[in-house]
Every structure is written in structure tokens, then in C-alpha cells.
Amino acid sequence: MVRIKTILIAVLALILGILAATYFLESEEKKVKKQFDLLSKWVSKDLGENPITMASKAKNIGTLFAESCELKVPVDSITATYTPAEVSSYAIRGRLQFSELALKFYDLTVEFPEKGTAQVVLTANLKGRSMNGELIDETREVQSVLNKIDQKWLFSAFEVVEVLEK
Amino acid sequence: MRSESKIRQFFFPSLTPRFLIRVSFVALGAYLCFGHVLIPIHIRGASMEPTYRDGTFNFCWRGSYLFSKPKRHDVVTVRFAGNRVMLLKRIVALEGEQVAFRNGRLMVEGKELEEPYVRLPCNWNLSPRQVDKGCLYVVGDNRSLPMETHYFGQTPVKRIVGVPLW
Chain A
1 MVRIKTILIA
11 VLALILGILA
21 ATYFLESEEK
31 KVKKQFDLLS
41 KWVSKDLGEN
51 PITMASKAKN
61 IGTLFAESCE
71 LKVPVDSITA
81 TYTPAEVSSY
91 AIRGRLQFSE
101 LALKFYDLTV
111 EFPEKGTAQV
121 VLTANLKGRS
131 MNGELIDETR
141 EVQSVLNKID
151 QKWLFSAFEV
161 VEVLEK
Chain B
1 MRSESKIRQF
11 FFPSLTPRFL
21 IRVSFVALGA
31 YLCFGHVLIP
41 IHIRGASMEP
51 TYRDGTFNFC
61 WRGSYLFSKP
71 KRHDVVTVRF
81 AGNRVMLLKR
91 IVALEGEQVA
101 FRNGRLMVEG
111 KELEEPYVRL
121 PCNWNLSPRQ
131 VDKGCLYVVG
141 DNRSLPMETH
151 YFGQTPVKRI
161 VGVPLW
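Protein chains in written order, with the numbering used here: chain A, 1 to 166; chain B, 1 to 166.
These are computed hints drawn from the structure, not numbers from a lab.
Incorrect hints may appear among the rest.
Reference excerpt, derived from the structure (chain A facing chain B, CB under 8 Å, subset only) [to be verified]: (1) L101; (2) L103; (3) D107; (4) T109; (5) F112; (6) N125; (7) E134; (8) L135; (9) V145; (10) E159; (11) V163; (12) E165; (13) K166.
Sample of chain A residues with no beta-carbon within 10 Å of chain B, all distances over it, derived [as the list claims (entries may be wrong)]: (14) G17; (15) W42; (16) P51; (17) I52; (18) P74; (19) S77; (20) T81; (21) Q97; (22) A102; (23) Y106; (24) T123; (25) T139; (26) R140; (27) K152; (28) F158; (29) L164.
Predicted model only: the values in this text are computed from it and were never measured.
We put the beta carbon where it would ideally sit given N, CA and C, even for glycine.
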């Protein structure tokens, strides 16, 4: 009985140790996912958000992007490149059109095709209410590329994947 | 007295190795069942109305296409990057077939398709297009929405996850 108890305690301690190690030692994958958490947090907008928070969030969004970030939406034949300043400016304009906005990411799969590059496939859901009261709820699959620049993972490309092609 | 102790034992079980093993098996079974075989789904949106109402609950049965191929008129779930968010649509055309909408009527291979499940008025017009190899053409049952806002089209068969349980 004592032996079983010792084994159980040892197994429990081992599990706790592994959990603590994975929690405290931030892997590269975790760092990449954290960038998406920040993007989601800063794009999202609560009802009655004050102008200071709005300006700070829009400015922060730009810090997540590399010097040039490519956006591709094949279904609408959109291919464009933006600087962090342009991203912040578009974020301000875009967020102003909504009274509430929530950007959520699901099913993130992170791969590292080469050192300093992360390729992420995910499902993005944008839900909100426009200033006219119109509800939006759009979900798309997105492929994103992040590059490690100065020890920070920065977004350098986004491509919307066409799941259903009319 | 004995039944009272049984009830107590049921709600406050002793943490014996046997009990822990039993709990582990139940947890593993539930994870495998509800994470991979019968995925719980919360239906959001009106694209499959009136067949599937907004806000209802169902399960995605993944075993449906283990021994058979998806057929026309089947309602299926289509995945994005993973299984957390999926689309619920109906298969209307198979690979190689020509599909079009003419004044709200769905034409497959130039003939009108009988669709008793479409109960809401539709006025869509879409020029004929051929379904690519390895793809299926899926549409929602609610065609009273404007065609531009309804998400439908061809999708690779590999994106089909399963069927709703009921």
C-alpha cells in the first residue's frame, strides 16, 4: 500500500513538473500564438470604448507587423502590401465603423519551415455590430507568415484561403 | 444506513488507485468520443434554415463516410483550419457535374434539381460552372438570403468532416 502511494505521488509530481515546465518555458510556438492573442485583443472593440484606448490599441496593432506585410484575398483579387503605419491607420478607420468588434482565432497550426519563419494556418472569426446596427459574423481560413525580427515574431503575410469557391 | 453510505461513496468517492484508473478511462473515452467521433456542434446562422435552425444543437458524426462516399442531398460539415468552426451545407453537385442557378432554380447538368428542403423563396442567378475533380458543390438550404452574402461553392472532398447526427 505504501509503495502504491509512493508511486502515485511520484507520478503526480512528474506530471506537475512537466506542466510547470511547459507553462514557464515559453516555446517558439507559444510566442507565435501569443502574437495572435495580442492581435485579437487589440482589434476587438467593446461597446463605448474611449478614444484613448482606441488610439492606443490601433498604435499597438502596428507593432505586431513587419516592415512590409502582404495581404492576399484571391477571391476578391486583392494583393496589397502594407507598412506598420498603414496597418495602424487602416485599423483606426476600420474600427471606427463598428460599435462592437470581436476577432477570434481557432485551430492554429504552427509550422517552422525554416529558421526565423513561422507559417500558421488558422480559422479567423470576425463578429461585430456596425455603427448602423448591422451585424456581421464572418469566418475564414487564413494562412499567415511571421518572421522573427529582433527576437520578436512579426506578421509578414496573410492570405485568405478559399474554402468554398463559387 | 447502508444505502446512505453508498450514496456518500458515489458523491464523495475515496481516491483509491482503482477509482483513479476508472476515472482516467471514462475521461479518455469521453475525449475520444466527443473530440473525434461525435463532435458536439452549436448551429449558428440562418444559412441552413428551415432544415437546421439558428441556435440549435447537434453532433457531427464522423463515421458516416468511412465506408461510403458523400452523396447528393447529404447535409455535411465542412471544416476550415480545424474542427472548432465548421460550415453546415448540403451537397448539390458532384465532381465533374455542371451546376448553375437560373431564376432561383438549381440546375445540375442542365436539368432542374428537385429540392424539397428549399422552402424559402429564391431568385439567384449564377452562370454554369463545372465542379473540379476531387470536389463537391455545397449550398445552404436558405436561399432567401442575397447570393452575395450566402457562403457556398465547391470544396475539396477532404474538407468534409462528417454529417449532423439528426
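Hints, verified against the model:
1. L101: 17 Å, violated
2. L103: Not OK, violated: A:L103 not within 8 Å of chain B, min 13 Å.
3. D107: Hint on A:D107: holds, closest Cβ of chain B at ~3 Å, below 8 Å.
4. T109: This hint holds: A:T109 lies near chain B, its Cβ roughly 7 Å from the closest one there, short of 8 Å.
5. F112: Not OK, violated: A:F112 not within 8 Å of chain B, min 17 Å.
6. N125: 6 Å, holds
7. E134: 11 Å, violated
8. L135: A:L135 check fails; min Cβ-Cβ to chain B is 11 Å, beyond 8 Å.
9. V145: Since the shortest Cβ distance to chain B is 15 Å, the answer is violated.
10. E159: Nearest chain B Cβ about 12 Å off; hint violated.
11. V163: At about 6 Å, which falls below the 8 Å cut-off, the nearest Cβ of chain B leaves the hint on A:V163 intact, so it holds.
12. E165: At about 5 Å, which falls below the 8 Å cut-off, the nearest Cβ of chain B leaves the hint on A:E165 intact, so it holds.
13. K166: OK, holds: A:K166 within 8 Å of chain B, min 4 Å.
14. G17: Answer for A:G17: holds, closest chain B Cβ roughly 19 Å.
15. W42: 21 Å, holds
16. P51: With a cut-off of 10 Å, A:P51 remains clear of chain B, as the shortest Cβ separation is near 32 Å.
17. I52: The assertion about A:I52 holds, with a minimum of 33 Å to chain B.
18. P74: 13 Å, holds
19. S77: 16 Å, holds
20. T81: 24 Å, holds
21. Q97: 17 Å, holds
22. A102: 14 Å, holds
23. Y106: Given a closest Cβ separation of 4 Å, the condition is violated.
24. T123: Not fine: 4 Å to the nearest Cβ puts A:T123 too close to chain B.
25. T139: Check fails; 6 Å does not lie beyond 10 Å.
26. R140: 7 Å, violated
27. K152: A:K152 clear of chain B: closest Cβ-Cβ about 24 Å, beyond 10 Å.
28. F158: 13 Å, holds
29. L164: 4 Å, violated
Of the numbered hints stated above, those contradicted by the structure are hints 1, 2, 5, 7, 8, 9, 10, 23, 24, 25, 26, 29, listed in ascending order.
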